[in-house]
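First to last, the sequence lines map onto chains A, B, C and D. Using our numbering, the first residue of the first sequence is number 1, and each one after it goes up by one. Using our numbering, the first residue of the second sequence is number 1, and each one after it goes up by one. Using our numbering, the first residue of the third sequence is number 1, and each one after it goes up by one. Using our numbering, the first residue of the fourth sequence is number 1, and each one after it goes up by one.
Keep in mind that a hint or two might mislead.
[As the list claims (entries may be wrong)] Where chain A lies over chain D, by a calculated footprint (3+ residues, C-beta under 8 Å):
no.: 1; region: 14-23
no.: 2; region: 36-50
no.: 3; region: 53-62
no.: 4; region: 109-117
Rather than coming from a laboratory, the hints here were simulated on the basis of the structure. All C-beta atoms, glycine included, are put in the ideal place defined by N, C-alpha and C.
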Amino acid sequence: MRVTVVYYGGLKQDVGMRSETLELPDGALRVGELGEVLRERHPALAGRLHTVAYAVNDALVDADYVLQDGDEASLLPPVSGG
Amino acid sequence: MRVTVVYYGGLKQDVGMRSETLELPDGALRVGELGEVLRERHPALAGRLHTVAYAVNDALVDADYVLQDGDEASLLPPVSGG
Amino acid sequence: MGRWITSEPLALEPLLRELDDPASGAVVVFLGTVRNENEGRPVRAITYEAHERLAEQVLSAIERETVERFGVRGCRIQHRTGLLQLGEASVAIVVSAGHRGEAYAASRYAIDEVKRRAPIWKEEHYAGGESRYLDGVPLTHTAED
Amino acid sequence: MGRWITSEPLALEPLLRELDDPASGAVVVFLGTVRNENEGRPVRAITYEAHERLAEQVLSAIERETVERFGVRGCRIQHRTGLLQLGEASVAIVVSAGHRGEAYAASRYAIDEVKRRAPIWKEEHYAGGESRYLDGVPLTHTAED
């Protein structure tokens, strides 16, 4: 299945990109497990994932949300708006 | 001596005028004593003077302020601005 | 248009521009507006009257105190006089500060002091054509005034 | 210009007009502005980035909660994105209420929640040309969002 990952805030500097589209093995992949996949691709994510929240298609989700083909998953680091 | 008295807020309705200029006997008259004079002229002031503050020529004064010829004395009832 | 007391509609933008300050991170504005009800009675308008010269001294003093007590960058207060219709602003208070905590505290202090100390009176006009001066807060003569 | 997130300069007047209400007696406005210093470092500009669609949901939810929790008449929140110069407003919050007590409390709640929950990030630009994303508040997934 195909999942697009979008990096927000400082994460896009850490990984050196705004977004990437990944081809992942079909089957039940949770968004928390996607984080592990991404950490292997981007060592700079090590030590940061525990403070990252996930949104899928414009809704915040828990780490056990099961990804679907075509999902857009956003990695949201600690926020600093206001 | 001549003193002009100006009534603010509900006081000007109570006494039926905005201001009046009084000829008072020369000599030391305190602004608190002026209040007594005014209560005799305007029975509607009875029961109201204890909550009235006095200004003379744009400064708040205590009741023992001694009036001078030409002073403008303002009677200020409880305030309700904001 | 007086700096503190004016009979013209209050305008926020000039007050905000006066307090423009690169060291400010938070601005809190308070507007008091004419409400259609008070103490259970339907209100249709309010007339505000001020002892103008004394009120300007008092509002100016409250501005200075607000800056000193809360360490904010600036404070501007304007109060309107005359006949105000529903929804119109009677008072505008703008505070600029480094951080929001002191901006809120300073704004709240300034409006409370205006209500307590400014020589200003309101006459409420009711639906039936009747009107009434409201009971208010007795003024006291303090050194700060 | 989005209702909650916009890249254009924030304008207060339209928000105030939206909340025009004859039952309102108090309006409190909060503006967050770009300050020339943070944590001891001189700042010359800030870039704000948002997850726009999610941020719009969150700001809209905070508006609703603010009205419900504090019984105020209305609440409008706007946050700006893009490169902001010193003194420019990054966020505007307008609350209208019957009385000032609840207006201040509601305004304070709304800005605190925006800082805690809105998916928005700031990158500070410093005098030397360097820039940095600030450490912030980890988002949590709650039912309210």
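A quick look at each hint next to the structure:
1. 14-23: With 0 residues in contact (Cβ-Cβ under 8 Å with chain A), the coverage given for the region 14-23 of chain D is violated.
2. 36-50: Answer holds; 3 residues pass the 8 Å Cβ test.
3. 53-62: Holds, because 4 residues of the region 53-62 of chain D bring their Cβ atoms closer than 8 Å to Cβ atoms of chain A.
4. 109-117: holds (count 5)
In summary, the structure is inconsistent with hint 1 from the numbered list given earlier, while agreeing with all the others.
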